[in-house]
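**Q** Starting from the given sequences, assemble the full structure and let the hints guide the process.
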Amino acid sequence: MTQPVPRISVPAALALGSAALGAAFASGLFLGRWFPPWRSRQEKRLLPPEDSPLWQYLLSRSIREHPALRSLRLLTLEQPQGDSMMTREQAQLLANLARLIKAKKALDLGTFTGYSALALALALPPAGCVVTCEVDAGPPELGRPLWRQAEEEHKIDLRLKPALETLDELLAAGEAGTFDVAVVDADKENCTAYYERCLQLLRPGGVLAVLSVLCQGEVLTDSLAKRQRKACLFPSFLFFLG
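Going by the UniProt record's numbering, the sequence shown opens with residue 1, and the numbers climb by one from there.
These aren't lab readings, by the way, just hints derived from the structure by calculation. Be aware that a few hints might be false.
Said to hold, decoys possible - In silico lysine to any residue, SDA-like type, Cα no more than 20 Å apart, as pairs:
id : residue 1 : residue 2
1  : Lys102    : Lys161
2  : Lys161    : Val135
3  : Lys104    : Glu50
4  : Lys161    : Glu175
5  : Lys161    : Gly138
6  : Lys188    : Leu199
7  : Lys102    : Lys188
8  : Lys161    : Cys129
Said to hold, decoys possible - Across the chosen pairs, the derived CB separations fall in these ranges:
id : residue 1 : residue 2 : range
9  : Asp51     : Glu141    : 31 to 37 Å
10 : Asp187    : Pro126    : 29 to 35 Å
11 : Leu77     : Pro53     : 19 to 25 Å
12 : Lys161    : Glu196    : 26 to 32 Å
13 : Gln200    : Pro49     : 38 to 44 Å
All values derive from a computational prediction rather than experimental measurement. Where is the CB? At the ideal position from N, CA and C, for every residue including glycine.
**A** Encoded structure:
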């Protein structure tokens with residue numbers, strides 16, 4: 001006699017957010033297939049434009065952004081290169097994944113003002129930890145008051161040195177296989193090295209997210225130099241589920 005498959009309990013808000021984001025992808029695929037204007041050569045989109053009423057509707061029904069996280073996002077957008085930060089829907093997707101796998105330790109390569117670090121910290125339990133790497137001491141200090149406002153500063157372990165040094169130190173300290181989530185949003189020259197070290201630091205079943213890897217499909221046609229330039233402009237995710 002077969003046993004019933006156990007149901008997974010997921011908080012209602014998490015389920016709603018994930019479902020709405022899934023609906024966004026489904027809507028883009030449907031509209032692109034059946035309505036030519038949605039798949040014009042100028043757009044090349046699977047999703048509605050970000051300023052469209054449909055996209056805003058999806059965000060309004062799916063995003064649950066902590067007030068301090070929202071303030072940090074708006075502050076970051078005012079900074080030079082602030083528009084290259086992780087989007088709020090990407091941050092929520094990462095936070096949802098962290099909750100689903102019951103993450104306690106996270107790596108964040110490329111702190112900037114700490115938006116992604118704070119998003120992860122909010123998703124971790126009280127004893128959780130986010131090790132975040134940055135070479136410029138200025139931007140994290142802009143975000144620190146908002147880490148404190150969210151009462152998550154104690155979870156964020158800022159390492160002001162090249163990310164490779166921090167990763168090697170963690171490996172040397174015997175922390176291989178102890179992290180649940182790793183986010184790579186740092187310099188592209190060392191991306192392969194980051195990827196390999198993060199794989200060692202992640203536990204089985206961990207999540208690795210690498211941003212800016214697809215360049216809106218240009219990786220299939222453009223030169224390496226052009227791909228590297230565009231990688232900074234079009235954030236995309238490559239997820240590895242260990």
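**Q** Hint numbers the structure violates, sorted upward?
**A** 1, 3, 7, 12
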